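K.L.:
If you read the protein sequences in the order shown, they are chains W and L.
Residue 115 in my numbering is what sits at position 115 of the first sequence, and the numbering runs on without skipping anything.
Heads up: take any position in the second sequence, counting from 1, add 307, and you land on my numbering.
Treat the hints loosely; a few may be bogus.
[Claimed, not checked] Examples of chain W residues lying across from chain L (beta carbon under 8 angstroms, computed): (1) M29; (2) D33; (3) L37; (4) A43; (5) V47; (6) P60; (7) E264.
FYI, nobody ran anything at the bench for these hints, they're computed from the structure.
As the structure is a computational prediction, the values presented were derived from the model and not from experiment.
Quick reminder that beta carbons are idealized off the backbone N, C-alpha and C, glycines included.
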Amino acid sequence: MSGYILRKLAMLPVVLLVVSALIFLAVRMLPGDPARLLAGPEAPSAVVARIHEQLGLGRPLPEQYATFLGHAARGDLGVSIESRRPVSQELAEHAPLTIALGLVAYALAVGVGVPGGVLAAALPGGRWDRVFSALTISSVSLPSFWVGLMLMELFAVRLQWLPLMGAGSPGAIVLPAVTLALAPLGLIGRMTRASMIQILSQDYIRTARAKGLGRVAIWFRHALRNALAPIVTIVGLNLGSVIGGAVVTESVFSWPGVGRLLVEAVKFRDYPVIQGVTLLAVAAVVVVNLAAEIAIAILDPRMRGGR
Amino acid sequence: MANQKGAPDRRSVCLSIVSSPLFAASCGRRPSASEATASLTVMQTEGPRSMDPADHTATLTGAILDPMYEGLVRQSSGQGVEPLLATGWTSSADALAWTFQLRDGIRFHDGAKMDADAAARAFRRLVDPESALAAAGKFIPVIASCEALDRRTIRFRLRKPYADFLTLLAANQAAVVSPRAVASGAIGRAACGTGPFRFVAWRSDEYVLQRRNGAYWGERPRLESLRWRWSSEPSVLYMALRTGDADVVAPLSPVFAHATAANASLRLIHQSATTFFWIALNTRLRPFDDARVRQALGYATDRAALVAGLLGGFGQAATAPLAGATPFVDPDPAGLRFDPELARRLLAQAGHAKGLRIAIAVQDDDELLIEALQAMWREVGVALEIRRLEGGVYAQAAFATPPVKAAEGIGGVLSSWSSGVVPDLQLRPLFDSASAAPAGANLGFFRDPAVDALIDAGAATSDPIARARLYAAVQRRIVAEAPAVLLYTRDDLAGVRRGVSGVAFRPGGELIVSAAGKPSGPG
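All chains should be modelled from the sequences, with the hints used to inform the complete structure.
P.N.:
Here's what the structure looks like:
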């Protein structure tokens with residue numbers, strides 16, 4: 001098992017290397033010149049050309065990439081074109097807030113989605129199942145941008161229960177976390193329900209019932225553990241879309257995480273920051289998926305050592 | 308800096324799940340209760356581009372920098388200028404040499420002396436192409452040199468007589484910056500001027516914090532601190548104003564203007580027309596190489612309907628190629644009337660009786676405007692293809708050269724411009740042949756020697772009557788040649804919480820809050 005984990009970990013730098021090359025190219029293929037955006041529409045072309053040169057954007061792409069790699073290997077992700085601060089410093093300041101937001105959102109999604117799905121599967125077609133279906137379908141379908149604005153209008157402006165925006169007070173994380181949790185909540189809830197329904201029809205569950213075990217013990221101890229593998233996989237795979245959702249959510253709520261940083265960076269074609277944020281996101285997705293695989297191996301002995 | 312006496316307490320507001328020091332340090336900060344009484348929060352639609360006044364051209368950045376910097380002169384409430392760091396000035400008979408006496412005993416926030424040497428260095432840096440400063444384009448064509456004559460006197464030499472030189476010096480970009488902060492390279496991130504507020508912190512994508520400059524030479528500001536925040540979502544600005552998260556929001560979307568005015572706890576601040584909207588037509592590309600087609604689009608445009616429908620009445624239909632608040636603007640709208648019948652006739656004369664297809668590039672923000680035009684122009688047989696582009700892509704398309712625009716079939720570019728109150732800073736970049744893209748913002752490559760000559764003459768003439776005549780002539784010539792569809796000027800709107808006083812717009816559209824006051828007590 002540890003060998004398996006080590007092999008997976010060893011793959012991480014390779015994945016990051018390949019991804020960094022892709023990101024590097026993709027970012028530079030975006031139309032739009034950072035020098036022009038930095039200088040603004042009133043700047044004459046001579047000034048734009050000078051800024052272009054100062055930023056080193058005139059050099060051949062392979063040369064720029066080699067420089068970037070050399071620095072990145074030493075933990076130096078370059079300097080932001082826009083703020084002129086080291087990208088690693090920007091990430092260190094913004095990433096913890098995104099991580100906090102993501103964790104709270106995930107905790108909400110799992111905390112509501114898994115028990116909700118188990119109960120829905122326990123009595124399929126029942127009243128709770130119908131309510132839960134409506135909830136999960138709408139939470140996946142409603143655009144988070146709109147939901148965010150509606151939550152702000154209701155809870156911050158009209159009821160004044162929660163802060164409107166920013167990260168300046170303890171309750172401030174609630175509304176963005178709820179907004180961000182909606183999409184994964186729907187997915188996890190539906191996946192839990194489907195997985196549980198399948199498990200609950202199996203022979204060993206009937207045996208457990210015949211033994212006279214209580215319903216709650218059957219659902220949560222015997223069935224859920226076996227239903228968890230696909231749920232954990234979904235949780236891992238879904239991280240990418242949660243990071244994508246964080247970009248929108250953070251912008252709406254002025255939550256100063258890496259998502260908002262990325263939006264600003266794309267606006268101004270701040271290549272080093274776009275690269276830094278994207279690499280960080282890729283690393284997070286790879287690591288979380290690895291963690292999910294390990295968790296599945298622990299849950300399901302059949303998955304261990306097979307590879 | 309943040310731990311000075313009276314600095315906001317760094318309350319760690321983090322959740323128990325993440326309590327690393329890193330996270331604690333990155334949490335937002337809140338002013339303490341006693342400070343809140345004299346702290347004003349202003350929210351705009353975008354954050355600052357730089358803390359260096361010479362390295363941006365954005366009105367919203369100018370508003371953030373204004374409390375921290377001062378120039379030699381400033382715009383007075385009328386259309387003139389008044390002394391600021393300069394106490395007086397004289398110009399030579401040929402208007403090519405300008406001498407300024409500086410106020411004595413002033414220091415920058417970093418303690419460096421604000422003297423003739425520092426001021427001259429700031430201006431030399433501004434016009435040095437090697438500095439590659441974003442705002443240099445406004446000043447390089449005007450200022451040839453700047454030198455210190457003695458400790459308190461500096462002299463500019465101009466490349467040509469420039470009637471609006473004092474107004475140009477009143478621009479935020481012409482602020483006198485600390486030579487020490489420039490030398491250390493820190494100025495882009497940490498502002499350092501002589502203004503009534505000093506820089507405290509700029510957290511990217513979060514806020515800028517400024518505190519009262521205790522050693523300020525002029526009138527003591529009423530506020531203890533200023534906090535700037537931003538969100539690109541207009542409805543969030545309006546919500547922040549209602550919750551009190553912001554005391555001032557600008558620019559307020561016209562959509563919320565009437566609701567703000569009707570709300571007892573809010574107040575609407577409204578200044579007429581400085582942001583000008585126009586569509587540059589590609590004069591090098593068919594069908595817009597024919598002036599009749601360009602004129603036809605103008606006659607097919609119902610400007611009054613655009614102002615009423617899209618701006619809620621908070622704007623003015625264009626009467627000329629200058630923003631409504633600019634001096635010398637031609638108020639005669641005869642050439643820009645709505646006459647769809649005439650538009651159809653002109654199109655027929657130009658050989659497009661059966662209709663015509665065109666493509667125009669716009670930014671996301673201007674989508675409603677271009678869709679309204681699409682509907683209006685359809686009435687005269689013009690089928691408009693909207694090329695809706697993301698900001699960066701749009702900037703590249705807008706400033707593309709004639710061959711690129713021809714290859715991509717870009718017939719026009721919808722754009723907006725805020726020149727402040729200097730006619731030359733709008734006419735020259737937009738309509739002078741030397742400003743043809745990519746060199747400047749003449750995005751339709753308009754070339755007319757008569758217009759070029761009139762622009763030069765207007766800029767160099769100081770006699771107001773002669774100037775008025777020249778500017779009237781150039782505006783009518785541009786309207787007749789129709790290199791652009793001139794649309795409207797949008798008013799500057801801000802929402803302010805009741806009780807907040809002293810907030811105003813400068814004629815260029817910059818929000819001015821350094822003299823603002825706010826009643827003590829919560830809220």
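K.L.:
Work down the list of hints and note, for each, if the structure agrees.
P.N.:
Hint by hint, here is what the structure shows:
1. M29: Violated. Min distance 12 angstroms.
2. D33: Since chain L brings a Cβ to about 6 angstroms from D33 (chain W), closer than 8 angstroms, the hint holds.
3. L37: holds (6 angstroms)
4. A43: holds (5 angstroms)
5. V47: holds (5 angstroms)
6. P60: Violated, because the Cβ-Cβ distance from P60 (chain W) to chain L comes to roughly 21 angstroms (cut-off 8 angstroms).
7. E264: holds (6 angstroms)
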